[in-house]
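Chains as they are written, first to last, in the numbering used here: chain A, 1 to 103; chain B, 1 to 227.
Bear in mind the hints are in silico, worked out from the structure with no lab data behind them. One thing to keep in mind: the hints can contain errors.
Subject to a maximum C-alpha distance of 20 Å in a straight line, what follows is the list of computed SDA-like cross-link-like pairs (lysine to any residue) [as the list claims (entries may be wrong)]:
| id | chain 1 | residue 1 | chain 2 | residue 2 |
| --- | --- | --- | --- | --- |
| 1 | B | K120 | A | W38 |
| 2 | A | K43 | B | K177 |
| 3 | B | K120 | A | S66 |
| 4 | B | K6 | A | G85 |
| 5 | B | K199 | B | L75 |
| 6 | B | K199 | A | G57 |
| 7 | A | K43 | B | K6 |
| 8 | B | K177 | A | V78 |
| 9 | B | K223 | A | G57 |
| 10 | B | K120 | A | R39 |
| 11 | B | K157 | A | E63 |
| 12 | B | K223 | A | Q60 |
| 13 | B | K177 | A | I11 |
| 14 | B | K223 | A | P33 |
| 15 | B | K157 | A | Q60 |
| 16 | B | K199 | A | P56 |
| 17 | A | K43 | B | G119 |
| 18 | A | K43 | B | F81 |
| 19 | B | K96 | A | L29 |
| 20 | A | K43 | B | A216 |
| 21 | B | K157 | A | S66 |
| 22 | B | K31 | B | L138 |
| 23 | A | K43 | B | K223 |
| 24 | B | K157 | A | I74 |
| 25 | B | K157 | A | W81 |
| 26 | A | K43 | B | K157 |
| 27 | A | K43 | B | M179 |
| 28 | A | K43 | B | V217 |
| 29 | B | K157 | A | F67 |
| 30 | B | K223 | A | L20 |
| 31 | A | K43 | B | V183 |
| 32 | B | K31 | A | W81 |
| 33 | B | K96 | A | P33 |
| 34 | B | K157 | A | E65 |
| 35 | B | K31 | A | V7 |
Each chain is listed here by its residues.
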Amino acid sequence: MSHTMSVYGLIIGMLLATYLPRLIPFLILSDRPLPEYWRKFLKFIPFTALGALIFPGSIQAVEGESFIALLGIIAAGVCAWFNGGIILSVVVAVGVVGLGLCF
Amino acid sequence: MKRVSKAGFMAGVPIFLGYFPVAMAFGLLAKTNGITLEETIGFSALVFAGASQFMALNLIQSGAAFMEIVIATLLLNFRHFLMSATVASRMETGSKWMRLLVAFGITDETFAVAATAEGKLNYHYLLPLEFTAYSGWLSGTVCGFIMGAALPEVLQKSMGIGLYAMFVAILLPGVRKNMWAGVLAVAAALVHTGLAWVKVLPSGWNIIAAIILVTAVGAWFIKEQEA
Numbered sequence: 001m002s003h004t005m006s007v008y009g010l011i012i013g014m015l016l017a018t019y020l021p022r023l024i025p026f027l028i029l030s031d032r033p034l035p036e037y038w039r040k041f042l043k044f045i046p047f048t049a050l051g052a053l054i055f056p057g058s059i060q061a062v063e064g065e066s067f068i069a070l071l072g073i074i075a076a077g078v079c080a081w082f083n084g085g086i087i088l089s090v091v092v093a094v095g096v097v098g099l100g101l102c103f
Numbered sequence: 001m002k003r004v005s006k007a008g009f010m011a012g013v014p015i016f017l018g019y020f021p022v023a024m025a026f027g028l029l030a031k032t033n034g035i036t037l038e039e040t041i042g043f044s045a046l047v048f049a050g051a052s053q054f055m056a057l058n059l060i061q062s063g064a065a066f067m068e069i070v071i072a073t074l075l076l077n078f079r080h081f082l083m084s085a086t087v088a089s090r091m092e093t094g095s096k097w098m099r100l101l102v103a104f105g106i107t108d109e110t111f112a113v114a115a116t117a118e119g120k121l122n123y124h125y126l127l128p129l130e131f132t133a134y135s136g137w138l139s140g141t142v143c144g145f146i147m148g149a150a151l152p153e154v155l156q157k158s159m160g161i162g163l164y165a166m167f168v169a170i171l172l173p174g175v176r177k178n179m180w181a182g183v184l185a186v187a188a189a190l191v192h193t194g195l196a197w198v199k200v201l202p203s204g205w206n207i208i209a210a211i212i213l214v215t216a217v218g219a220w221f222i223k224e225q226e227a
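Work out the full structure, taking the sequences as your base and the hints as a guide.
Below, the structure written as structure tokens:
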């Protein structure tokens, strides 16, 4: 198999591997109301998913500098807590990490 | 027919800004790994999954087999099953075809924004949100491939925190409104960190196990009116 063929084959394989988990819930969960337990389950997922996405990933987000990464996350947290909004929080975090890397 | 929601585009702007530098890093890395521009665009346009694309470059480099990469991608992205289920359950009745498109645009970030938005969701809001995120990912990929090496190294390294800062900024307003949101998030963060540390499960499963475990226990103990 040529290099080009195998890369495109891989792209198609990965397309299926990423699309199917996203697609199947949309096909099976249409308009039927769910029982109370499952309604709560899906209602809580945003919070648990965000918690699990932030840690431990964030402290490995800056190569070899987990303390600086943690400072960046704390800065974003303070900014967001006082209604800084998403964009400002991101800019502040990147700024804090950039400064941290310079010193 | 309802108009395409401007709110959807606006909600996508922070994601665009967060994706752009990460996608640039992907474009640059793909180029240095000998992937062509067309193939690199193919990855970002069709796979549209950040961590998996980086992982694929890594595995290609180390000579991994086709199935190994595809299965690793499936494991890494299975968490989107939970996220899609959350968004799908909150969507208004609508066109079946539009659901296929909305499903393609579900990522950690579009999910986070959509799932914390108020009220019912529809594709007039979701598609512009996802389109904005998608264009950030694609344009960043192309820019990274073409001129990524020109970025100063400090900037390249510090951009990595951006997406996490976005998650924090999406989570905290919910926590301010309701203490239980914070309890659930901290519990999931601790369980995920613990699972990642003991390394019993394959790496993509840690986050899925943490989300399911904490959500299942939470849904058992927390009463609907409290949360």
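A quick look at each hint next to the structure:
Distance restraint check for B:K120 and A:W38: the Cα-Cα separation of roughly 17 Å lies within the 20 Å cut-off, and the hinted pair is therefore satisfied. For a cut-off of 20 Å, the pair hint linking A:K43 to B:K177 stands: about 15 Å separates their Cα positions. Of the supplied pair hints, the one linking B:K120 and A:S66 is violated, its CA atoms being roughly 39 Å apart against a limit of 20 Å. With a C-alpha separation of about 18 Å, the suggested pair B:K6 and A:G85 falls inside the 20 Å cut-off, and the hint holds.
Taking the CA atoms of B:K199 and B:L75, the gap is about 15 Å. The hint holds against a cut of 20 Å. A threshold of 20 Å between alpha carbons decides the hint, and for B:K199 with A:G57 the separation of about 14 Å falls inside it, so the pair holds. Among the hinted pairs, A:K43 with B:K6 is inconsistent with the structure: their alpha-carbon atoms are about 25 Å apart, more than 20 Å. Between B:K177 and A:V78 the alpha-carbon distance is near 16 Å, which keeps this suggested pair within the 20 Å criterion.
Between the alpha carbons of B:K223 and A:G57 the distance comes to roughly 30 Å, so the proposed pair goes past 20 Å and is violated. Taking the CA atoms of B:K120 and A:R39, the gap is near 14 Å; set against the 20 Å cutoff, the hint holds. Under the criterion of a C-alpha separation no larger than 20 Å, the hint pairing B:K157 with A:E63 is consistent with the structure, at around 7 Å. Between B:K223 and A:Q60 the CA atoms are separated by roughly 35 Å; this puts the pair beyond 20 Å, and the hint is violated.
At most 20 Å may separate the alpha-carbon atoms for a hinted pair to count; B:K177 and A:I11 exceed this at roughly 42 Å. Simply put, B:K223 and A:P33 have alpha-carbon atoms about 18 Å apart, close enough for the 20 Å limit, and the pair holds. Taking the CA atoms of B:K157 and A:Q60, the gap is near 11 Å; set against the 20 Å cutoff, the hint holds. Taking the CA atoms of B:K199 and A:P56, the gap is about 13 Å. The hint holds against a cut of 20 Å.
Between A:K43 and B:G119, the direct Cα distance comes to roughly 12 Å. Compliance with the 20 Å bound is thereby established for this hinted pair. Distance check on the hinted pair: A:K43 and B:F81 sit about 15 Å apart at the alpha-carbon level, within 20 Å; holds. For the given pair, B:K96 sits about 12 Å from A:L29 by alpha-carbon distance, which is consistent with the 20 Å threshold. Only pairs whose Cα atoms come within 20 Å are accepted, and A:K43 paired with B:A216 is accepted, the gap being roughly 11 Å.
Under the criterion of a C-alpha separation no larger than 20 Å, the hint pairing B:K157 with A:S66 is consistent with the structure, at around 12 Å. Restraint check: the Cα-Cα separation between B:K31 and B:L138 comes to about 15 Å, which is no more than 20 Å; the hinted pair holds. A threshold of 20 Å between alpha carbons decides the hint, and for A:K43 with B:K223 the separation of about 12 Å falls inside it, so the pair holds. Proposed proximity of B:K157 and A:I74 is supported: the alpha carbons are some 18 Å apart, at most 20 Å.
Taking the CA atoms of B:K157 and A:W81, the gap is about 25 Å. The hint is violated against a cut of 20 Å. At most 20 Å may separate the alpha-carbon atoms for a hinted pair to count; A:K43 and B:K157 exceed this at roughly 35 Å. Only pairs whose Cα atoms come within 20 Å are accepted, and A:K43 paired with B:M179 is accepted, the gap being roughly 14 Å. For a cut-off of 20 Å, the pair hint linking A:K43 to B:V217 stands: about 13 Å separates their Cα positions.
About 14 Å separates the Cα atoms of B:K157 and A:F67, which keeps this hinted pair within 20 Å; it holds. Distance hint between B:K223 and A:L20 is unfulfilled; the C-alpha atoms sit about 33 Å from each other, more than 20 Å. Restraint check: the Cα-Cα separation between A:K43 and B:V183 comes to about 14 Å, which is no more than 20 Å; the hinted pair holds. Restraint check: the Cα-Cα separation between B:K31 and A:W81 comes to about 39 Å, which exceeds 20 Å; the hinted pair is violated.
With a C-alpha separation of about 18 Å, the suggested pair B:K96 and A:P33 falls inside the 20 Å cut-off, and the hint holds. Only pairs whose Cα atoms come within 20 Å are accepted, and B:K157 paired with A:E65 is accepted, the gap being roughly 10 Å. Of the supplied pair hints, the one linking B:K31 and A:V7 holds, its CA atoms being roughly 13 Å apart against a limit of 20 Å.
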